[in-house]
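Go ahead and model the full structure; you've got the sequences and the hints to work with.
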Amino acid sequence: MSFIKTFINFFADPRLFFPMAVAALGLLIWKRRAVATTRFGWGLMGFLTLFFLFGATDANFRLIITKPDNVPIVGLMFLLVFFTWYALHHAVMNDERRAQGKPPLEKDEEDRVWVWPDLVYTELISLILCSVVLIVWSIFLKAPLEQPANRSLTPNPSKAPWYFLGLQEMLVYFDPWLAGVVLPSLIIVGLMAIPYIDTNPKGNGYFTFSERKAEITIFLFGFAVLWSSLIVLGTFLRGPNWTFFGPFEYWDIHKLVPLTNVNLSEYIWVRAFQSGLPKNWLVRESFGIVLVLAYVFVLPGLLARTWLKVYYEKMGPPRYYVAVFLFLMMLSLPVKMLLRWIFNLKYIVAIGEFFFNV
Amino acid sequence: MADTKTVEPEIGFAERSWNWLTETQLWKSIFRHGRPTNDRNRVLVMLTNVFLHLHPVRLRKSGVRLRYTWCMGGLSFFLFLVLTFTGLLLMFYYRPTLEYAYADIVGLREHVPLGIMREMHRWGAHAMVITVWLHMFRVFMTGSYKPPREFNWTVGVIMLVLTLLLSFTGYLLPWDQLAIWAITVGSNMARATPFLGHEGPGAALLRLGDVPLIHAADDARFALLGGTFVGEGALLRFYVLHCVGLPLVIGVLMAVHFWRVRKDGGISGPL
Ligand code: HEM
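Each protein sequence line maps, in turn, to chains A and B. Residue numbering for the first sequence is 1 to 358, as defined by this note's numbering. Residue numbering for the second sequence is 359 to 629, as defined by this note's numbering.
Since the hints were made in silico from the structure, they are not lab data. Hints may be right or wrong, so weigh each one.
[Unchecked claim] Using 20 Å as the maximum straight-line C-alpha spacing, the simulated DMTMM-like pairs for lysine to aspartate or glutamate come out as follows: (1) A:Lys107 to B:Asp622; (2) A:Lys142 to B:Glu557; (3) B:Lys419 to A:Glu110; (4) A:Lys346 to B:Glu557; (5) B:Lys419 to B:Asp397; (6) B:Lys419 to B:Asp622; (7) A:Lys213 to A:Asp95; (8) A:Lys159 to B:Asp534; (9) A:Lys202 to B:Glu508; (10) B:Lys621 to A:Asp111; (11) A:Lys102 to A:Glu215; (12) B:Lys419 to A:Asp108; (13) A:Lys202 to B:Asp622; (14) A:Lys67 to B:Asp534; (15) A:Lys309 to A:Glu215.
This is the structure in structure tokens:
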């Protein structure tokens, strides 16, 4: 038992957890035929249930998942896994129909039915089920109420509401101006821009994967891997001082994590050139600034000529540049994660004078 | 000629009562159509009822299927209604001041018999965040944001943000440790808004001679909290936004959203 727990604690570390989530997404898409079978779906849900049942035997695990405000996230995990599977199930089914020369299932159900009674009754039943779930949930789980607000007593850890924990988790890698303001704004703008960027006319109004491979992969990466798994990470695996704790680990306030993060400017001036840091910030940060500018402005152009050439030609310059900019912004998080884990890199550009750290 | 006898099919008591009820003047004054047993009346049900007329009269079969819509948009709306109702009840008991806020929540728990309104409101809010996400996920996976529904997707994203903000502003109201520190962590970000937060990049550039234009007492965070920390001003601001401002905006947007679902050709389906 304790062996399994140690094993899981070990793999829950963000440095392994995150690459594994990416790998899982890759596998999901590559082996989607197998994943989409009903048997696999049941197996997946069963496995998740088993994991939580097993976890519930552990006091530390129980402590985090039964915190009243964390219960919805347990529900979210089940729902998200289920619906990802469910969507894929129908997508694969429609893709197979297409391979046989048949239209998607939704096409066969094109004929109209009466809203009364067909839809109104379905709605009524969903509504009643939803009410029952909500009422039972409310009877059995009390809403939390802690000690009265006290400004001189900061709890450790202090966490934002769970749906913002992905953003709080980003604070590990970025300063608040990026993690809390710029990137969230870009997420909103990016989401709103989706219909205007994606000009692929196929897959409108039915489930499919093969006709929209890139779109769906990118969306799943953003929604399931980045947003959702960072929420799970921030909720369940971050303890006092925002230190990482495995799901079966006791939240020890004194757990020490060596912090030896180094700025790019230090790497270059101090370690490579063996000189001190220049006084002038522009000189000091010149390498980082060039790197960041290249990432934002040069890389899209480069990609347009190489790997993404097809897209550049299909989408036209304005759409292409907006799309690639947003995509690179999304990738900046995993990029920064990797830089942190591999090189202990703190900031690429660190102009503390203006609160401008990247 | 021999007597021909017409034999009425046997109908039970419930159906007889139903038939009687739907023929009364009272019933007919409310529902201006006969029983929806034929096509004409099924049309009239939808057209003469203000609540049902959000729907079309007929709908493609796949649009009715849970398999296609997951019912998540509908459930989001239903949860919004539940939240409005339970929220209204909570407002009877709750006063948004430093003196009363916490005590009123304790009172709600201790003195109100069978009180699960706070629970329903809190869990309903969590559930709504989840259903709205899943709704967005479904709309994406069916490609329903593609023309002609681009704009409705955009409206949806704004409503998603509003849903999160509603949840966030409500989180402060119990005024316990959980509440103020969560809001403190969340709102600290605003301090770092580029140009508009006093610890944000570029803010130091905005100055008149020696006088900084952006400082702790006038930056973005101050505007959000009505103070330099989460205190009385923040409580009032969050309360007003939570109970009046944001629900009004999201209500209007929902009207637009539903209207557009109809105008864009109903629930999406293969062309
Ligand atoms: C407050 C939250 C929301 C409510 C109450 C709501 C409600 C609804 C309802 C009832 C429908 C009818 C079909 C269905 O149930 O799936 C619908 C459709 C739609 N929603 Fe939402 N929605 C919300 C948020 C969103 C979000 C966040 C998005 C996208 C980012 C979105 C985009 C759409 C689109 C594009 C359609 C048309 C889908 C189709 O025709 O298949 N909505 N919405």
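These are the hints, each one checked on the structure:
no., hint, result
1, A:Lys107 to B:Asp622, "18 Å, holds"
2, A:Lys142 to B:Glu557, "39 Å, violated"
3, B:Lys419 to A:Glu110, "6 Å, holds"
4, A:Lys346 to B:Glu557, "19 Å, holds"
5, B:Lys419 to B:Asp397, "17 Å, holds"
6, B:Lys419 to B:Asp622, "17 Å, holds"
7, A:Lys213 to A:Asp95, "12 Å, holds"
8, A:Lys159 to B:Asp534, "14 Å, holds"
9, A:Lys202 to B:Glu508, "15 Å, holds"
10, B:Lys621 to A:Asp111, "19 Å, holds"
11, A:Lys102 to A:Glu215, "23 Å, violated"
12, B:Lys419 to A:Asp108, "9 Å, holds"
13, A:Lys202 to B:Asp622, "18 Å, holds"
14, A:Lys67 to B:Asp534, "15 Å, holds"
15, A:Lys309 to A:Glu215, "16 Å, holds"
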